[in-house]
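Number of protein chains: 2
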Amino acid sequence: MTTQELVAQIHKKQSFLCIGLDTDLEKIPAFLLEEEDSIFEFNKAIIDATHDLCVAYKPNIAFYEAYGVQGWSALRKTIKYLNKNYPEIFTIADAKRGDIGNTSTRYAKAFFEDLNFDSITIAPYMGKDSVEPFLQFKDKHTILLALTSNEGAFDFQTKKIDNKELYKEVLSVSTTYKGSENLMYVVGATKAEYLKEIREIVPNSFLLVPGVGAQGGSLVDVCEYGMTKDIGLLINSSRGIIYASDQEDFADTAREKAKELQEAMKKELDKLN
Amino acid sequence: MTTQELVAQIHKKQSFLCIGLDTDLEKIPAFLLEEEDSIFEFNKAIIDATHDLCVAYKPNIAFYEAYGVQGWSALRKTIKYLNKNYPEIFTIADAKRGDIGNTSTRYAKAFFEDLNFDSITIAPYMGKDSVEPFLQFKDKHTILLALTSNEGAFDFQTKKIDNKELYKEVLSVSTTYKGSENLMYVVGATKAEYLKEIREIVPNSFLLVPGVGAQGGSLVDVCEYGMTKDIGLLINSSRGIIYASDQEDFADTAREKAKELQEAMKKELDKLN
Chain A
1 MTTQELVAQI HKKQSFLCIG LDTDLEKIPA FLLEEEDSIF EFNKAIIDAT HDLCVAYKPN
61 IAFYEAYGVQ GWSALRKTIK YLNKNYPEIF TIADAKRGDI GNTSTRYAKA FFEDLNFDSI
121 TIAPYMGKDS VEPFLQFKDK HTILLALTSN EGAFDFQTKK IDNKELYKEV LSVSTTYKGS
181 ENLMYVVGAT KAEYLKEIRE IVPNSFLLVP GVGAQGGSLV DVCEYGMTKD IGLLINSSRG
241 IIYASDQEDF ADTAREKAKE LQEAMKKELD KLN
Chain B
1 MTTQELVAQI HKKQSFLCIG LDTDLEKIPA FLLEEEDSIF EFNKAIIDAT HDLCVAYKPN
61 IAFYEAYGVQ GWSALRKTIK YLNKNYPEIF TIADAKRGDI GNTSTRYAKA FFEDLNFDSI
121 TIAPYMGKDS VEPFLQFKDK HTILLALTSN EGAFDFQTKK IDNKELYKEV LSVSTTYKGS
181 ENLMYVVGAT KAEYLKEIRE IVPNSFLLVP GVGAQGGSLV DVCEYGMTKD IGLLINSSRG
241 IIYASDQEDF ADTAREKAKE LQEAMKKELD KLN
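Protein chains in written order, with full-length UniProt numbering: chain A, 1 to 273; chain B, 1 to 273.
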């Protein structure tokens with residue numbers, strides 16, 4: 001998917017919501033456990049109930065890997081279902097991978113070609129030759145971890161290199177990578193005020209923002225500091241939507257929660273006009 | 001496996017060799033492609049031919065993930081084969097994972113419990129709460145990326161925070177994590193002279209050293225600067241051993257290459273006496 005197609009979808013749906021499919025057999029409604037593929041059936045119900053309110057889905061790969069071959073099969077069915085029934089949706093493999101060149105190429109092929117995701121999250125620690133292999137795929141996007149929304153972000157990401165925090169160094173250096181036009185960035189919303197400085201380094205890139213809601217970030221602040229003329233934001237919510245109810249009405253309840261966020265996003269989009 | 005058991009195995013085999021199972025269908029002998037599970041059959045042949053010369057095997061998970069459900073099945077068969085037939089061998093899931101707390105717990109369960117690996121490689125970028133979940137498993141080991149052997153290591157790892165390179169900050173900070181006694185570290189051998197300073201920060205930890213051979217590191221230098229009284233080193237070789245021949249004799253040739261490294265390691269171990 002091209003960035004232009006993503007932007008067009010945002011305008012059409014009046015939403016820049018990404019829903020995280022962190023599907024956990026211990027948290028999904030108990031009656032679904034009787035299904036042959038409970039993980040996929042849960043995802044399918046969530047997707048069918050919310051697809052017109054969001055522009056992206058983001059399965060966190062750890063949740064699928066935890067169930068081994070069965071989990072991978074459910075992941076494959078989920079991405080195939082999305083690509084077949086809702087091809088306009090932007091798909092994110094939240095994998096946080098990163099390895100040396102030939103190995104990164106393996107991961108890129110697995111997620112971009114075999115599973116046909118539009119994008120993947122990548123950790124920056126191993127540098128240039130661990131990231132560039134992902135950037136060589138046309139109309140595929142690499143979402144680099146810059147500033148994450150967890151407590152451990154302060155261990156290294158915010159420490160200063162030559163008076164500049166590591167996450168800013170990651171942003172700066174990555175813009176010099178070959179294929180950097182295919183980069184997006186993870187920026188945790190618990191530090192919305194950081195977005196102003198981040199926009200000085202990457203004025204136009206899309207930012208994937210976790211942590212709005214459950215982790216304390218404010219949608220209004222994030223939009224004030226982070227939104228560009230082409231939106232440039234994907235706001236992720238996972239548990240707040242998909243686990244809003246663990247009863248028979250879970251999909252309807254997920255839709256209600258997604259609708260609340262979409263309506264708040266519409267207000268922010270209206271401010272652009 | 002306890003660290004003491006690993007050290008005992010090193011003394012018994014006079015080897016601290018780790019063999020990387022980066023199994024690639026484009027590189028394994030063509031006649032194996034006729035097998036139903038070519039990846040597993042290749043691994044099995046390599047393991048049977050080399051198990052008495054090495055103390056660890058390290059499948060790089062990317063190579064398995066690239067083949068989807070089929071790859072995960074081959075990985076599962078490989079680790080089960082190792083645990084059943086050669087339970088003394090230390091097993092490393094080279095996964096380079098790292099995510100927020102509850103997600104890291106998922107990965108830990110997948111690799112430590114479901115697949116029963118002895119250890120896993122982890123990226124440090126997300127900090128404390130992304131690493132600590134792995135450290136809570138008894139007799140399981142977490143191998144943190146500190147200084148990698150690829151070109152991109154210079155992008156961030158060697159940049160200075162308060163006059164100290166980032167990789168040294170990773171070493172220092174990680175020693176304060178809960179369960180840090182279960183930490184080992186990846187340290188690329190292309191910078192053997194760095195090992196002296198690394199040993200000042202982590203005097204006793206095991207270091208997993210890639211890059212000896214193909215990537216230019218010298219075994220003698222690595223041992224001079226990095227070896228402890230309890231050895232404290234695992235030297236990895238992947239392609240130099242497993243792809244030394246692509247003919248019918250591939251397993252025998254792998255054994256010859258492993259034997260060369262084991263004999264060089266014996267000389268280094270003799271220096272301890």
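Hints may contain errors.
The list treats identical chains as interchangeable, and a pair is accepted whether it falls inside one copy or across any two copies.
[Said to hold, decoys possible] Derived DSS-like pairs: lysine-lysine, alpha-carbon spacing no greater than 30 Å straight-line: (1) 27 with 128; (2) 159 with 44; (3) 196 with 164; (4) 138 with 27; (5) 160 with 257; (6) 271 with 44; (7) 27 with 178; (8) 80 with 196.
Read the hints as simulated data drawn from the structure, not as lab findings.
Hint by hint, here is what the structure shows:
1. Taking the shortest Cα distances, residue 27 and residue 128 sit within 30 Å of each other only across copies (25 Å), while inside one copy they are farther apart (38 Å).
2. Taking CA atoms no more than 30 Å apart as the test, residue 159 paired with residue 44 passes in neither setting, with 42 Å inside one copy and 45 Å between copies.
3. In this assembly of identical chains, residue 196 and residue 164 lie within 30 Å of each other by CA distance both inside one copy and across copies; the values are 15 Å within and 28 Å between.
4. Only between protomers do residue 138 and residue 27 lie at most 30 Å apart by alpha-carbon distance; the minimum there is 26 Å, versus 37 Å within a single protomer.
5. Within a single copy, residue 160 and residue 257 get their C-alpha atoms no closer than 39 Å, and across copies no closer than 44 Å, so neither meets the 30 Å cut-off.
6. Taking the shortest Cα distances, residue 271 and residue 44 never come within 30 Å of each other, neither inside one copy (34 Å) nor across copies (62 Å).
7. For the homomeric pair residue 27 and residue 178, the shortest alpha-carbon distance between copies (27 Å) is at most 30 Å, but the shortest distance inside one copy (42 Å) is not.
8. Taking identical chains as interchangeable, the C-alpha atoms of residue 80 and residue 196 are never at most 30 Å apart, the minima being 38 Å within one chain and 51 Å between chains.
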